[in-house]
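Engineer: Here the protein sequences line up with chains A and B, keeping their order.
Here the first sequence is numbered in UniProt numbering, starting from 1 and rising by one per residue.
Here the second sequence is numbered in UniProt numbering, starting from 1 and rising by one per residue.
These are calculated hints, taken from the structure and not from any lab test.
Glycine is no exception: its CB is placed at the ideal position from the N, C-alpha and C atoms.
Among the hints, erroneous ones may be present.
Each computed DMTMM-like pair below joins lysine to aspartate or glutamate, with the alpha-carbon atoms no more than 20 Å apart [stated by the list, open to error]: (1) Lys235/A <-> Asp85/B; (2) Lys341/A <-> Glu352/A; (3) Lys191/A <-> Glu470/B.
Pair by pair, the computed Cβ-Cβ distance ranges are [as the list claims (entries may be wrong)]: (4) Gln594/B <-> His636/A: 54 to 60 Å; (5) Tyr623/B <-> Ser17/A: 22 to 28 Å; (6) Thr279/A <-> Leu528/B: 29 to 35 Å; (7) Gln143/B <-> Asp221/A: 28 to 34 Å; (8) Tyr8/B <-> Gly156/A: 19 to 25 Å; (9) Tyr8/B <-> Thr113/A: 27 to 33 Å; (10) Asp221/A <-> Asp34/B: 16 to 22 Å; (11) Asp221/A <-> Ile97/B: 31 to 37 Å; (12) Lys104/B <-> Gln272/A: 24 to 30 Å; (13) Leu528/B <-> Glu323/A: 55 to 61 Å.
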Amino acid sequence: MGEFKVHRVRFFDYMPSAIRAMAFNRQSERLAVARADGAVEIFNFSDNYFQEKVIPGQDSRAVEALCWVDQRLFSGGLNGEITEYDLENLKPRYTVAAYGGPIWTISSNNQGTMLALGCEDGTVKMFEVLAEKVQFQRNFDRQKGRIISLSWHPSGTLIAAGMMDMIRVFDAETGHATHRLLVERGVGASKSREVVVWSVAFLSDHTIISGDSAGKVQIWDGVTGTLLRTHLVTKWDVLALSVSQDQSSLVAGTSEGTVIQFQLISSTVGQQDKEWVRTRTFKNHSHDVRALAHTETAVVSGGMDTQLVVRPLLDKVEKNTQESSLRKIVFPHRSLVCCAKKAGLLLFQFPEHLELWRLGESEGHGKPGDSLTVKTKPEKLIQLKRKGEDHICCSALSPCGGWMAYSTVSSVRLYRLQYNNNNIGITKVSRLPKDLCSVHQLCFSSDSSKLFASSSHSSVIVVALNQQECTYLHTLKPKSSSRQPVHLLFASEDGKWLATANTDCEIHIYNLDKLKLHCTVPVYSSYPTAIAIHPLTSNLVVVHADQQIFEYSLEKKEYTEWSRKLQKLGLHSLWLERDTPVTHITFNSRNPAHIILHDMFMFCIIDQSLPLPEAKTLLYNQMTLRSVPEPERIRHSHAFKICKNFQVWSSH
Amino acid sequence: MAALYEGYTLCGLVPAQNLSHSGIQGIEQERDSDHVVVTDSTRSVTLYKVSDQKPLGSWTVKQGQSLVCSAVFNSQTKEYVAVSDNRVIRIWKEEDILLDKAFKATVSSDVWRVHCVHGGEPVVLFQRGAVRLLDSLLSAPQQPIEEILVQEEAIRWSTNIVAETQQFVIFTTEQKGDHFLYLQRLNPNTLQRYRLEREEPGLGPLSFSASYRDKHIHLLYLYPNGHVYQSVVSVRGLGTEEGTQALPLPRSLLLSLPVGEGLLEAASAMVLDEAHVAVVGVPHPSAGAGKDFLCIWNTNFQTLQAGKEMAGKIYGQLWCYSNKLFIPHGKTLSVIPFVCPKSSLASALGKLKQAKTEVLSIMANQINFTLLSMQRMSRKTQSTPSLTTDQVLELIKTAPVEDVEKEVEGLLSRSDIQDLQPSVGQLVSVLVSRSLTDPAFYTPSTLAQLVHTQCLCHSVCPDLVLLALEKKDYFLCQLCLQFFPDIPEAVTCACLKAFIRNEVLQTAYSDNFLLPHLKDLSSQHVVLFLQYLQFLYLKYSQDAFPQMHGLRSPSLTQIMDWVCLVLDAHFTVLVMTPEAKGLLLNLHSFVKSQVRLVSELGKIEGSLQELNKMKVNKDVGQYSIEIIELF
């Protein structure tokens with residue numbers, strides 16, 4: 001097969017941001033996650049937990065709480081504003097000030113008509129959810145301390161509010177407090193500190209469950225206002241609670257990094273009386289668990305250690321299926337690294353800035369397994385801080401290394417880079433075409449003469465670049481009426497084709513010579529996570545979130561023979577069980593039969609000339625092949641050559 | 001296991017400024033277990049409904065007056081009795097609002113306390129040791145009161161107990177560092193004086209607690225060094241040697257509580273039942289110093305059963321009424337419900353039956369159910385009138401074996417096991433007692449069937465296993481060993497003597513309790529038993545899959561444990577026995593091989609840890625260019 005030189009780059013210092021809040025939409029099976037930097041991410045639980053959308057953060061926006069109302073997503077934050085998100089254009093749709101100081105919590109009623117906000121000034125504020133906006137309706141009786149947590153009774157007539165040292169129950173009609181539940185402080189030294197009720201849950205049978213800073217999970221009778229049971233679960237704080245839809249299971253997240261499950265069961269077998277019994281403890285986090293979601297089959301948790309953990313409840317899923325395995329989502333499901341192949345440059349995208357690096361060079365030759373002597377070390381050429389409050393949502397580096405572009409939700413910036421010996425000149429291109437303002441994805445053509453930018457309604461703006469200026473050429477529009485954003489762009493090596501993929505799972509191919517739509521690939525039910533066009537055959541290769549691989553001939557406008565063969569045989573079960581998506585595809589210039597692709601933990605070379613692995617074949621067979629004598633290797637070889645030595649962000 | 005539940009606050013306290021005293025003089029039960037009367041250390045008496053955590057009424061003596069002792073409730077007359085200013089006895093009812101207007105009587109000597117057991121008549125104990133029933137005292141309040149105590153002797157603690165029909169006042173006194181116990185019986189009056197054994201010089205008892213059971217008064221007392229002693233006095237022998245001569249009071253050390261550094265200052269121990277003691281003010285053995293705990297100890301097994309940290313200062317006061325502990329701490333009086341179920345060694349040590357055995361018993365149970373339901377079907381055709389449980393119980397006492405078997409089986413097949421649960425115990429007890437008295441009567445199949453219901457345990461029918469052993473019914477013994485979770489060690493050993501089976505090896509035991517009983521085995525038995533263990537050991541060491549032998553076989557470690565135990569108990573005897581020589585040599589080689597195995601495992605562990613380190617230490621820099629080869 002051959003030897004490859006691998007540049008092992010470990011200086012991309014990307015640090016994901018801590019998870020602050022979470023909201024699960026049971027209807028669409030979408031999980032919204034808010035991070036400490038204000039970014040909001042949408043994961044699709046019905047499509048292999050793929051991170052389908054990212055709304056970049058903003059300096060002033062600290063999201064403290066998230067809430068779905070039907071398919072609309074709202075957040076409240078310490079800046080005191082309610083934000084509704086535009087999930088089609090991946091930016092805030094509008095923000096409304098609540099005038100109550102920092103917002104600690106936000107919660108909608110089951111009917112989806114009202115939003116209740118818990119504010120620093122001690123008020124619960126009610127906003128009516130209208131078709132295009134939210135409108136302030138009224139304040140509840142103002143309380144002395146801040147309102148930290150809220151939960152509506154499913155009937156929509158009562159609201160429980162967690163505060164300092166107490167829980168208040170409000171009548172949602174009158175806005176008057178009907179009950180006051182006093183929460184005991186911690187013992188010892190913490191006796192003098194106010195106890196914070198970080199989370200409350202109001203169940204149909206009027207049970208109120210609270211989690212507080214004294215480490216207690218308490219069960220209250222919401223009708224009489226009496227304490228039924230206290231479970232001391234941690235020495236520190238219980239930060240988050242989430243109840244299953246059938247209200248028979250409850251999870252609590254603590255600042256020790258544990259998630260503790262309680263279940264409503266009878267403590268003695270055969271007895272009718274059910275009570276909340278502590279059942280399981282999960283320890284998958286190293287730090288505070290700030291946010292929780294209890295889905296039908298799993299507990300989803302996130303917090304300070306930045307990772308999203310999906311912990312299946314083994315009594316709810318079939319054993320030894322993909323659903324039953326623990327998932328940790330650590331890094332974004334998209335590439336934050338751009339490589340200028342010809343120039344040997346790497347562009348790293350951070351929310352706050354961009355870094356441009358030149359790769360090092362090696363000396364001499366070596367045998368497999370060797371590390372070569374690094375003659376020139378890698379060098380950071382540019383660190384470019386973004387302008388404005390909005391965080392960077394996408395970036396691109398031209399293949400020649402001469403152009404660099406990034407975008408936020410409000411503006412696009414394009415830079416011309418010039419290299420004279422050891423000096424680098426960077427010039428901002430002023431006067432960009434006015435269409436180029438809010439884009440989701442950027443991509444340069446292979447000859448660096450054009451910039452493609454995906455815009456609203458799945459359209460792509462084409463801009464021509466020359467030494468001095470950039471001019472608007474055309475807007476490519478799909479025939480479909482999709483309003484979803486394009487999240488993948490790929491311009492073919494020969495400059496003839498542009499492929500786009502949007503979050504409606506549509507893949508469109510444009511002919512750049514004619515600036516016209518060439519064809520639309522048959523829609524497959526799972527998200528495309530990576531697309532690429534082969535430089536010689538002009539075949540489009542697509543990998544989806546469910547790990548399926550398709551090859552589509554642009555000439556014949558049909559799936560290739562190889563693709564059909566692969567579908568007929570089916571992919572190997574171990575391939576399908578991988579839990580990170582393929583985020584990049586490229587090709588081997590020395591061998592046109594090679595497709596190179598990677599996910600977070602491996603890269604794979606698919607040799608289309610070799611037989612496909614069958615169900616019983618050993619998929620990860622590199623060790624075996626190494627150990628058998630060369631003439632026998634061909635007998636054991638198959639098309640998937642997988643190397644798991646590296647964690648991979650990008651390959652070229 | 002005994003357990004302490006989540007507590008709640010009954011009321012706030014106003015402790016003394018230097019926190020030397022909780023501000024509470026006493027708590028007495030009122031009309032029922034949910035009402036108590038709390039007397040504070042100065043002037044007021046308050047009635048609380050415990051479950052509501054709220055006061056129902058309160059009475060206060062005038063400023064300048066003070067209450068001497070805690071007020072009591074006379075449930076016969078529905079009156080409260082208290083004593084103010086040493087000599088004034090006050091009696092009032094709940095509807096009386098002002099204490100000053102209620103009944104008052106002044107007596108001629110200083111009162112120590114008024115006692116009243118629930119349903120009994122109030123008794124007045126005077127500071128100089130005399131005792132009077134309240135009624136007879138009030139008939140002539142100024143009657144002369146005799147002095148029982150000598151000069152410099154003073155009462156330290158007192159209580160009141162009803163033993164069968166006899167009422168007793170018990171009090172302890174101190175005189176120049178010596179402690180005495182007085183047992184005053186009323187109607188007819190007798191007085192007995194005992195001298196408590198001296199503890200270390202300078203140490204006097206911190207607390208006393210008295211209880212009555214099995215015709216004996218049990219006195220429990222705690223010393224500052226953590227020692228809890230029990231003295232038992234029979235109520236029968238009293239009155240024969242009346243006199244002021246102090247008898248020595250024998251004592252036994254019940255518990256030696258860990259006190260940490262220094263001595264206990266404010267602590268008390270209270271009897272909860274025959275096996276459990278509540279202790280307050282003694283550090284928790286696994287918590288650090290400086291924390292105050294309420295603990296329940298099991299005195300049979302010397303195990304800590306439950307503990308609860310109490311916030312704030314503990315005053316060493318503790319009361320207990322109907323499964324609720326009342327404890328002042330910090331600035332609150334808390335009520336803490338508790339349970340003390342009957343204990344077995346297995347539950348006390350947390351060593352319960354193995355899961356394996358449980359699975360099996362469930363299986364056996366299912367099979368049993370199938371059997372029963374089949375019987376039920378076959379019985380349906382019979383039309384004889386069926387007897388009730390009570391009738392069957394009566395029948396067992398007299399009827400011949402065949403009838404008894406028929407009716408008990410009939411009863412079992414007719415009713416659901418769940419419904420029968422309470423009567424299974426009765427049935428077995430009656431069957432066993434008949435079998436013990438009437439040697440001709442024995443119903444092995446019926447007993448086996450009853451044991452199979454799994455509604456039984458050893459405590460319900462303590463004589464069953466011994467009866468089965470006596471009748472050489474090894475099958476029944478085996479069933480009992482299999483299904484009873486609480487067989488005492490002595491009985492286990494008795495079974496061991498009778499036969500050697502797997503079931504014995506798998507029952508829960510504790511080394512300390514087993515060793516003395518094991519010593520009872522004869523040397524022939526020991527050799528036979530060791531041979532059997534050797535056989536099991538060999539069988540296991542040859543077979544890589546011990547699970548294949550079936551679910552009921554003991555594990556290799558269980559076998560080794562028993563080998564060690566038996567050797568410990570009988571080593572000297574075995575060394576002298578010529579037949580045992582070969583056996584001992586073989587066992588020696590087992591031990592050697594085990595030691596070798598463990599040391600090899602240790603080495604492997606070391607290597608594995610190295611492997612782990614190697615993985616971590618493989619460090620790659622920030623950047624490298626590597627050659628890889630794909631095949």
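Engineer: All hints are to be evaluated individually against the structure, with a verdict given for each.
Structural biologist: Status of the hints after comparison with the structure:
no.: 1; hint: Lys235/A <-> Asp85/B; result: 50 Å, violated
no.: 2; hint: Lys341/A <-> Glu352/A; result: 25 Å, violated
no.: 3; hint: Lys191/A <-> Glu470/B; result: 63 Å, violated
no.: 4; hint: Gln594/B <-> His636/A: 54 to 60 Å; result: 45 Å, violated
no.: 5; hint: Tyr623/B <-> Ser17/A: 22 to 28 Å; result: 26 Å, holds
no.: 6; hint: Thr279/A <-> Leu528/B: 29 to 35 Å; result: 48 Å, violated
no.: 7; hint: Gln143/B <-> Asp221/A: 28 to 34 Å; result: 57 Å, violated
no.: 8; hint: Tyr8/B <-> Gly156/A: 19 to 25 Å; result: 33 Å, violated
no.: 9; hint: Tyr8/B <-> Thr113/A: 27 to 33 Å; result: 40 Å, violated
no.: 10; hint: Asp221/A <-> Asp34/B: 16 to 22 Å; result: 20 Å, holds
no.: 11; hint: Asp221/A <-> Ile97/B: 31 to 37 Å; result: 35 Å, holds
no.: 12; hint: Lys104/B <-> Gln272/A: 24 to 30 Å; result: 55 Å, violated
no.: 13; hint: Leu528/B <-> Glu323/A: 55 to 61 Å; result: 56 Å, holds
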